[in-house]
Structure formats: structure tokens, C-alpha cells
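A.B. asks: Spelled out from the first residue to the last, the chains are:
Protein chains: 2
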Amino acid sequence: MKIGIIGLGLMGGSLGKTLKKIGGHEVFGYDNQETVMLKADMLGAINAPLDETTAKDIDMLIVSLYPSSFLSSIERFLPLLKDGAVITDFCGIKRKTMAEMKELSKKYPNLIFVGGHPMAGREFSGIDRSVSGLFEKASMILTNVNADIFTLEKIKAFYLTLGFSEVVITTPEYHDRAIAFTSQLCHIVSNAFIKNEIASEHFGYSAGSYKDLTRVARLNPKMWSELMIENGDNLSKELDEFIENLQKYSVALKNGDRVELEKLLSEGNERKLLIDTKNKK
Amino acid sequence: MKIGIIGLGLMGGSLGKTLKKIGGHEVFGYDNQETVMLKADMLGAINAPLDETTAKDIDMLIVSLYPSSFLSSIERFLPLLKDGAVITDFCGIKRKTMAEMKELSKKYPNLIFVGGHPMAGREFSGIDRSVSGLFEKASMILTNVNADIFTLEKIKAFYLTLGFSEVVITTPEYHDRAIAFTSQLCHIVSNAFIKNEIASEHFGYSAGSYKDLTRVARLNPKMWSELMIENGDNLSKELDEFIENLQKYSVALKNGDRVELEKLLSEGNERKLLIDTKNKK
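Going line by line, the protein sequences match chains A and B.
Start counting the first sequence at 0; every next residue gets the next number (numbering that gives the first Met the number 0).
Start counting the second sequence at 0; every next residue gets the next number (numbering that gives the first Met the number 0).
Rather than coming from a laboratory, the hints here were simulated on the basis of the structure.
This structure is a prediction, so every number in the text was calculated from the model and none was measured.
A portion of the hints provided could be inaccurate.
No distinction is drawn between identical chains; accordingly, a pair holds when it is met within one copy or between any pair of copies.
[Unchecked claim] Think about it this way: if two alpha-carbon atoms lie no more than 30 angstroms apart in a straight line, the pair counts; the simulated DSS-like pairs of lysine-lysine are:
# : residue 1 : residue 2
1 : K210      : K247
2 : K277      : K194
3 : K221      : K277
4 : K253      : K221
5 : K155      : K136
6 : K155      : K210
Pulled out of the complex, with its shape left as it was, chain A reads as follows:
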């Protein structure tokens, strides 16, 4: 296929490298920073620039930018695309871009719009950190706008060739609600955890639990703040629920109430067991 990528950061760059590695595709890329374009070329993430000429033959256009840049970045290319071309965004929240895609699908009924969220990432950002194996064993989430079931199956199959272990189709609303918990809240927790005063001391040791918990404290603040504010309704609900639960442990500790603390820990323990069992099925 001929694939266009707009935005050649960690995600877009990794996508280009992955496509080039699995072969059988031609990759055309665009980034508004000239140095990134040069790097994408040097690192072999693209075959050629995506421009007014190359856009005409594109089968699939993937936009890997912040939600706020999605619309403005594709407007120039949409009138050039051939009938049946598929447009997908890679934004980490889906309600905003799906609403925009819905509007676009009315204006360009011959184009196919399907939202996407590759649940892969690294603690780093930028094309320098992009890698061809980024999607290995990750989940790809699709939110459909106007694709028929056969096209959707083709798109699913395409993403599986990139290394994703599963492709899940859901609604933008459910996606944003779930992601507020499974991804965004994790990042806030990790980012806030590292702020405890004692964290800056060098212990000469750290447990595995600490390493796991603080891994995603490192993040791209510009991108995440946009995604989180855009999903603020869901995220603040999840965050407040979490704080409320934490406060119960705090009360038990202050009361020296071992029975209550053991009960709280048991509840979490059993819940984790149950959820893991359910997810294995």
C-alpha cells in the first residue's frame, strides 16, 4: 500500500520504520519541522515526502499529531485524496477527533474515516526515539466513522501486520472513559508519586514495585496535558474516586487499625485476582 503519515514524532516515526521493515509498502511522510523531515529520511522512516503530488496515490493517511492539530493538518490533503482512501488519527483521546471526522465524512463522502489509538508508547518522545518494534504485542483501538464492515476488517488485518496483538473496535465515548483509567490516571499517579519529598534521596536501593510505579512519571507534558484536559470529565472522576479510596487507607493507618487495613488490602487483593482471571478468559 501507499501510506501517508502526517506528524513524524515517536509514533509517526515508529510507524514509518515499522512499515519499511515489514515491507510491501511505500511510506510518504510530512512533518512541519524541516529537521524532523530530514531525520525521517536519514533514519529510513519514510520513502519520500508527502506533498501535493504524492498525496494523490495514497491508500491510507495516518495522522499522528496532538488532537488540536488534527483538523488543520489534513485539510490541505483531503481534496487531493482518491476515492476510498482511509484516514485515521492516532490521538490518545477519541471524542474530539471523531466529531471532527464525522463532519469531514459529510464533506468528503468518498473518503473513509476510522479513528485509531495505538496503545503503545515510550517514556520518550520525538523521531530520535522512534523504533520499528514499538507496536509489538500492543493493542490497537479503532473507533469507526463511516467504514463498512469489509473495509473495517481490512484495516484490522493491516494493523495486525504491524505487530499489534489485538485490534479492538469501540465507541469514542467508551474509549475515552476507559482510557481515563487504564492510561491517563496511571500517568498522573506515577507523575505525582515521584514528587514526595523523600523520592529525591538516594537510597542505594529501590524495590521492583517502586521502579514499576514511577516508570511513566517521565512523559511529554505538552502532549499529555492536552489529552488529559480534553478528557477532563472522565479523568477527574477517576482521579477523585482513587483519592477517595486512598483516604480510607490513610484513616486506617492513623487509627492504627490493623483489622480495617487488612480488610482494605484484602479487598484490593481479591479484586486484582478477579480482574486478572476475567481478563485471561
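Chain A is fixed; fit chain B onto it per the hints.
C.D. replies: Relative to chain A, chain B alone:
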């Protein structure tokens, strides 16, 4: 060496198996549950039972029990031990057992008391889950009572042979303050996180950040509640500081204040970078 182990659970069992695997030691074990004694024998975690006869030749006695059982479990063996025998507990908090060891060292001045906390573990407990590689690349923390520097060096060297990557010597007070954050708080966070209502839904996907964050939600509630209540002063301080920091994110989200949220995320991001750099040195 001849090594006695009291308490043959996950830790004690893993210690026995590790000692047997590296060789050169004779392992004598004691557990107050007969089925555990039988399993320890069958699984090859011990050479023979630790009893009134075998205790006499022990060079090192390691107690791998809850803090509340430490004192009562060793009293019967202490009068039997030979001069210079080393007694170490494996409790996850150190102030309580160190105070007890200090008293014992007055009563038994010819015995050597050194507290220990192997910073290794699994989400499971019991001898069935014990493994010989449990201490691989983990940190061992020692809190000294009455060992001279040469003996302490010998003990350090011994633990390095078990697979530990480092042995750190510190005070019980500092250990408990640090561990409240690096280990206990992580477990509470993970255990509380999984309680959000939405966690019980099966998404068909989950991000790496979610997997990392919920790993230690599964824990031994009986053991952890004892360790946490015993360290309640330090732990509740750390927990409250964390909750306070989380609340700042909640406020920014509710106000839709992207500038503030980006600032909060940047602070966490930079702090994580700084700490990682410091810890690498």
C-alpha cells in the same frame, strides 16, 4: 556454612532453595506448620530440621517471619547457639525487631545480631511459590546491632553470593522511613488503584502503564497490614503527601487549566529525570 532458617514461607523457602543451589552450605529449617516442614523437605529447601540438636552447630540463624513472631520464635534457640553465631531477621520493617535484638544482644553478648531486609518478593506467598532465584539482582539492606566491621563485611559477602546485586547498611530509622515510600506506599497505591469501579470491566486491552501500576495490588494482606501498621507514622505521612499532590492535578483538571496541568506534569517529569540521573551515578 551451617545455616538455620526459621519460617519457611516464600522468603524462607526461597532462601533455602538458593543456599542449596549455590552449594557449600547445610540448611536446617523450622516452620511451626508440619505440612510446610514436609514440603520444605520434599522441595529440597532444607537438608534437615532445625531443632535442639542441630541448632548447636549453626553459624547463622535467619528468621523469616512477621515482626510479631520474631521474638517468640527464636527464644527457644538462642541459649543453644554457639559463640559468634549470627542472628538475622528478614522483616520488612526494622525499628521493632532491632529494638528487640538490642535487648537480646545484652542478654546474649556472645551472639551477633544484624537485621536484614531482602528487597525481593513476589505477588504470591508460601513455600509453594518459593524459587531459588528470588534474590537475583535485588538489594539487601542490613541494620547492624553489635557486629564488628569484619563480621559485617563477611555477612555482606555472604549475601552477595545469594544473587543480591548490592548490600546496603543503614539505620532502622532511615530504613523504615525510606521503605514507607519505596515499597509500602507503592503497594497501597496499586491496591487502591484497582478499586476504581471501571477496573472490573473487561476492555479487551490494557496499556503497559496499567499493567505496571497494578502488579502489586495482589499481596499478602495479613503480612502487609502488620508491616504497615507497625510503620504507620512514616507511611501515613508519605500517603498524605501523595494525596495532597494528587489533589493539585484534580483541581487543574476541574478548572480545565491546561497551563497548570502542564506545569504539574513537567515538574514530575523533571523530577523523575533528575532522580534517575542521580541514581545512575
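A.B. asks: The structure should be examined with respect to each hint, and the outcome stated for every one.
C.D. replies: Do the hints match the structure? See the list:
1. K210 - K247: Both: 25 angstroms inside a chain and 23 angstroms across chains, each within 30 angstroms.
2. K277 - K194: between (34 angstroms within a copy, 15 angstroms between copies)
3. K221 - K277: Only across copies: K221 and K277 sit 25 angstroms apart there, 35 angstroms inside one copy, limit 30 angstroms.
4. K253 - K221: between (38 angstroms within a copy, 18 angstroms between copies)
5. K155 - K136: within (15 angstroms within a copy, 41 angstroms between copies)
6. K155 - K210: between (34 angstroms within a copy, 24 angstroms between copies)
Hint violations for this structure: none, all hints satisfied.
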